[in-house]
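Colleague: Sequence:
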Amino acid sequence: MQIGEIAESMGFSVALSSKLQPMIKIVPRAMSAAADAYLTPVIKAYIDSISDNFDDTGPEVYGNWNAPVAITHSSTIYCLRCMINLDIPLNQGCLAAIDIRIPERSILSPTKTAAVVGGNVITSQCITDVVFKALRACAASQACVNNLTFGRDPKIDPETGKTIPGFGYYETIAGGSGAGPTWHGESGVHVHMTNTRITDPEIFEKRYPVLLRQFSLRENSGGKGLHSGGEGVVREIEFLSPLQCSILSERRVYRPYGLEGGEDGQTGLNLWITKDTESGTERVVNIGGKNTVMKKTNDRIVVMTPGGGGWGKAC
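Residue numbers (full-length UniProt numbering): 1 to 315.
Please keep in mind that the hints were generated in silico from the structure rather than gathered at the bench.
Take the hints with a grain of salt, since some may be wrong.
[What the hints assert, rightly or not] List time: in silico BS3-like cross-link candidates among lysine-lysine, alpha-carbon distance up to 27 Å:
| id | residue 1 | residue 2 |
| --- | --- | --- |
| 1 | 290 | 112 |
| 2 | 206 | 313 |
| 3 | 155 | 296 |
| 4 | 295 | 275 |
| 5 | 275 | 155 |
| 6 | 313 | 224 |
| 7 | 275 | 162 |
| 8 | 112 | 206 |
| 9 | 313 | 155 |
| 10 | 206 | 296 |
[Stated by the list, open to error] Beta-carbon label-pair distances, calculated as ranges:
| id | residue 1 | residue 2 | range |
| --- | --- | --- | --- |
| 11 | 149 | 105 | 28 to 36 Å |
| 12 | 273 | 91 | 44 to 52 Å |
| 13 | 220 | 149 | 24 to 32 Å |
| 14 | 240 | 219 | 22 to 30 Å |
| 15 | 201 | 161 | 33 to 41 Å |
| 16 | 219 | 103 | 38 to 46 Å |
| 17 | 261 | 63 | 27 to 35 Å |
Heads up, the beta-carbon is just placed ideally off N, CA and C, and yes, glycines get one too.
Just need the whole structure built from these sequences, with the hints factored in.
Modeller: So, in structure tokens, the structure goes:
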């Protein structure tokens, strides 16, 4: 009985591994490298296997976008799964023909005490971008999920002595996806390692002290090309009470790259709009890709997400 169960389990893994062979055979038998900030995979395809080598990847970083090894494995499996036109489960059998090499103490294999909260929502997206780039599969997308959080701690009402409950809110904001050899990028979507939805405006404004002033596509943010990259979005929120707001995002400096002559997508931009305490005039402050700001009543945040890269030269 046990032998039969083991054989059945192992056979399933081997069967899944064999389904990868058609995909491996279409990858050119050569070495292909891609680089994007700290990530540099070198992919080499053999007759029946693929080597995904991250040896030149940068060291562990002080910030929180280090990624445990499992994230790199998951991202790599996802990319290879996208390259094969078969409906197969994602499990260990998919990795049997893949040799993934990750240096110790790197951003993709950090020490146990490293901060990793951004690894799942940012670095995983960067991994998919560079692996697809090495495979010449599609242009870059926004490489993050544009994490926005806000809230406040509980406090004591000085008049009643009762506790005023605190709250926290977290959302991810869509952007543009990269174009490919036969398709245009999609606008205002999440792709690759995420597929989350955003709160409906009516519920958002009813449950939290906010006013959603704008939520629209960001025109001309996608890279032009034979196939154009998708457009990012603009999301502007006004806060109706004092609170703390944090943004964790990527592609605010490096543009989502195009491929085969396609243009790069536009970088994202995060703005804090407030009133100057002395003059009362409006101040617009670029808060960068990763920051925390204490918001006053009627302060606003504007998140402009990146567009996707284009593919091919426009005719």
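Colleague: All hints, please: hold or fail.
Modeller: Verification of the supplied hints:
no.	hint	result
1	290 to 112	23 Å, holds
2	206 to 313	47 Å, violated
3	155 to 296	17 Å, holds
4	295 to 275	11 Å, holds
5	275 to 155	26 Å, holds
6	313 to 224	8 Å, holds
7	275 to 162	32 Å, violated
8	112 to 206	41 Å, violated
9	313 to 155	58 Å, violated
10	206 to 296	19 Å, holds
11	149 to 105: 28 to 36 Å	29 Å, holds
12	273 to 91: 44 to 52 Å	48 Å, holds
13	220 to 149: 24 to 32 Å	29 Å, holds
14	240 to 219: 22 to 30 Å	28 Å, holds
15	201 to 161: 33 to 41 Å	36 Å, holds
16	219 to 103: 38 to 46 Å	42 Å, holds
17	261 to 63: 27 to 35 Å	34 Å, holds
In summary, the structure is inconsistent with hints 2, 7, 8, 9 from the numbered list given earlier, while agreeing with the others.
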